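Asks: This is what each chain is made of:
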Amino acid sequence: MVETGVSTDLLRWIPALPLLGALVHGVGLGLMRRDMPRPLVIAVSCGAPIAAFVVTCMAFAQMVAIPGEHRVLIDEVFTWIGSGRVSAEMGFAFDPLTAVMCLIVTGVGSLIHIYSIGYMDDDHRDDGGFQRFFAYLNLFLCAMLLLVLGDNLLVLFLGWEGVGLCSYLLIGFWYGDRWNAYCGMKAFVVNRIGDFGFLLGIFLLLWSLGDAATLNFAELKAALPRIVDQTVAVPGWLPGPEQWRLTTLIGLCFFLGACGKSAQIPLYTWLPDAMAGPTPVSALIHAATMVTAGIYMVCRMSFLYVEAPGASAVIAWTGAATALFAATMAIAQTDIKKVLAYSTISQLGYMFIAAGCGAYGAAIFHVGTHAFFKALLFLGSGAVIMAMHHEQDTDKMGGLRRWLPVTHAVFLVGVLAISGFPPFSGFFSKDSILLSAYTAHSVPGHQWIWAIGVITAALTAFYMWRLHFRTFFGECRADHEAQHHIHEASWVVLGPLVVLAVFAFGSGFLGLPQIYGNWLGVPDSNALANFLHGVLPHPQHEVAESTELGLALLAVGAASLGTLGAAWMYVWSPGVPVRVRAALGPVFRLVEHKFYVDEIYDALIVRPLVFVSDRVLFRVIDAGIIDGIGANGSASAVRGLGAHVLKYGQSGLTQGYLITMIVGALAIVVWMLR
Amino acid sequence: MEIPLEHVIGLSVMLFAIGMVGALTRRNLIVILMSIELMLNAANLAFVGFARAWNSVDGHIFVLMVIMVAAAEVAVGLGIVIALFRNRESVNVEDVSLLRW
Amino acid sequence: MSAPAVFFYLFGAAAVISALAMVLNVRNTVASAMSLVVTMIALAVVYVVLDAHLVAALQIMVYAGAIVVVFLFVVMLLNLRRDAFSRPRERLTKLAGVVFALGGAFAFLQLVPKSLPTVQAIPADFGSYAAVGRALYHDFVLPFEVSSLLLLAAIVGAVVLAKRRIS
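Chains as they are written, first to last, in the working numbering: chain Z, 1355 to 2028; chain X, 79 to 179; chain S, 1277 to 1443.
Hints are supplied without guarantee of correctness; some may be wrong.
[Said to hold, decoys possible] Quick partial rundown of chain Z residues pointing at chain X, CB under 8 angstroms, derived from the structure:
#1 L1554
#2 I1556
#3 F1557
#4 V1999
#5 Q2004
#6 S2005
#7 G2006
#8 L2012
[As the list claims (entries may be wrong)] A few chain X residues that don't get close to chain S, going by computed Cβ distances all over 10 angstroms:
#9 I108
#10 L123
#11 N133
#12 V141
#13 R178
#14 W179
Hints are computed from structural coordinates only; laboratory data are not their basis. Keep in mind it's a predicted model, so treat the numbers as computed, not measured. We treat Cβ as the ideally placed atom computed from N, Cα and C, and that holds for glycine.
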């Protein structure tokens, strides 16, 4: 261990408690073949994340009590792989970055578990599945906590794969409908492509570090100076210089993994289809936690990325492109959850912009605020869906605020936060990202990134308010039968929503930039940045207060523009959208079909692969050669030998056997007497 | 003492060979069994000869064992022959080649 | 040549001839069985010459007296006639039998080392039932007892095999 921390036994319980919950549910289902009594299921499945949250708070208290700059709790449980030079422990490290992530995961996770009690209660579609759902959800929490708590790349990867698995299980939760199973599979396969990049990164690290090879983050950070100056030769047809920095290559490999997990271009296509899963799943996994694993990983490996400017630039630009691209697709969607899915992709793009521009703290800030308001939005949409009896198309909604006042109120908080209106949390986090983009001189074209960010902010406001107005305002487009059944959900559902709304409003103040802090007379107001100070590098930029305020005002202005546009098109002049659609014609269809990206991928990649797998590899090689010649061929050869050649040796005559015995015995006797 | 050991062994071998020929050539199951008895007797003679040559009564003990085993074998073997005869009306050994391919 | 030697060669030859008679007699199965009896008795005399008195007694009692009798019982029971050989095959078989027997014996004897270990002196009561009995009940008690189990198994097996089905 290079940097020491305080040793404790506490950390292992944070992932262990949800794991226990999952095991209890899983074993119970396996033994009893039907659900345990509901109160017991609720107690175990919600008790586990709440207990994990409590333990996290205890660890947090322990950690902040450590004096000095370098505060980290260590818990080495056992040596998982000990092979020669490289050994990887099942070890956990709790430093400020992990603390933030853990609190978000366990906190939001607990709220979503409570919400799910209400949401999954009326599950009539499949085999009941109440217990199975919570088993998977608990397992997901365990994997996610492993991911954030791991003190080396291997434990992180274990959690990485675990959340991928649980995502698959939960997206295809109602597997009776084949489409849901397909969506789950799509998510898993696309993630796998990213994992390939992740593994390549690990291999490159191990290979290049030689006898200092390690997977532990602290040790990697210390060993990195050995390879910062190494370069690798790349094939000539790739853009850029002939020699790439090794750190850039490694950074890009890991970023490919992050693209898969956090749904950036080109591996984002799974996230909109992942909305086939139950809404709590979309909230927890595809908004608040799993998709942020990529950001967390980049921040964890920030010591690498500061030495890989090329990779950081790619990250920033990919984030920008994704943010804009997803926002354009969101404006044409009519399904509530699909809009939120594209919104998630877009906001994740923002986080990567920050990470690419070196402002890792800002990225984590946005992770936090986004977790709150996106979970709020998803859970709120879930409440709407429940009220509309599982109708998700906003074409059939409208004017719901009259029947769903509480849901409307919390949803409004979420929309205000994501649009970036002060003093809601989204404003502060988005602003810090835009500021970092504006001042990131190491990233080529960073001003354009900033501009893209502002435009995307306008688009974000537009499509979010569009969603809000189409759902809650105007005439109700549902049929009268459905209208009679619209009512608020129970407090088990609304309670978490209210808590999330509070955080969506207030969490911004944890990262209050100093300029606003000065107005309020609070010194050192950016608590989050101070907290993460020793762990993450922060960008060196000094901007004038006026510049910062100007940028903030521009962002708010863009958001207001989007809001007004949405209000005009969907509240004041309801006939406008139809005219716009008609005017734009084919362009609109292109956007509505998500630019046909899924279809392109299918034609270029999926179909050829399936063809080769089925026609060539399966029928010719596997069934034809290996089975036909190898397995069946050798069997029929042996059988032929026995049936046509060897069987004639069996005469069945007693005296024949007798002669054989005598000759044999004589041979032995002769041999023994020689 | 005047009888050389080689002559005793020679006699034993001759009797054994005759018994073997009978077992391999004859087709009557009962005669085959009798030939096997002859072979056993030849072995007994060899044991007795060697016991006398080397002053060891163990040879005689083994002869007793052989006689006993022969008796058991004859009992069971003739039981089989009777059972076979009941099924096939024949004690020809070529009629019981069901294990033939 | 002393009397024992005379008896040895005489009855040895008798044993060989009656053995040949048993094996080569195709027409009459009962005659084969009788030839076997003669062989047994001749061998018993040879045993006496070779100082194996108890063994000789048991040879007569068990082999000639019981085993061959069982053979004869079965032959009579099954009412067997001739073994169906064709005439030329009979003669060929007989010839082959004699040749093979004598030739095999000669060949085998070539293999036996010319100098067998020296013959030792034997005590006066060698081979008497007292000496054999002493060995049997002192050194070889276990095989003796186990062999009684073997005989039990054979008895049961013979009864099971040969009895008629209870219909």
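Asks: Next, verify each hint and record whether it holds.
Replies: Evaluation of the provided hints:
| no. | hint | result |
| --- | --- | --- |
| 1 | L1554 | 61 angstroms, violated |
| 2 | I1556 | 62 angstroms, violated |
| 3 | F1557 | 60 angstroms, violated |
| 4 | V1999 | 11 angstroms, violated |
| 5 | Q2004 | 5 angstroms, holds |
| 6 | S2005 | 6 angstroms, holds |
| 7 | G2006 | 3 angstroms, holds |
| 8 | L2012 | 6 angstroms, holds |
| 9 | I108 | 6 angstroms, violated |
| 10 | L123 | 6 angstroms, violated |
| 11 | N133 | 4 angstroms, violated |
| 12 | V141 | 5 angstroms, violated |
| 13 | R178 | 20 angstroms, holds |
| 14 | W179 | 25 angstroms, holds |
Hints 1, 2, 3, 4, 9, 10, 11, 12 from the earlier list are contradicted by this structure; the remaining hints agree with it.
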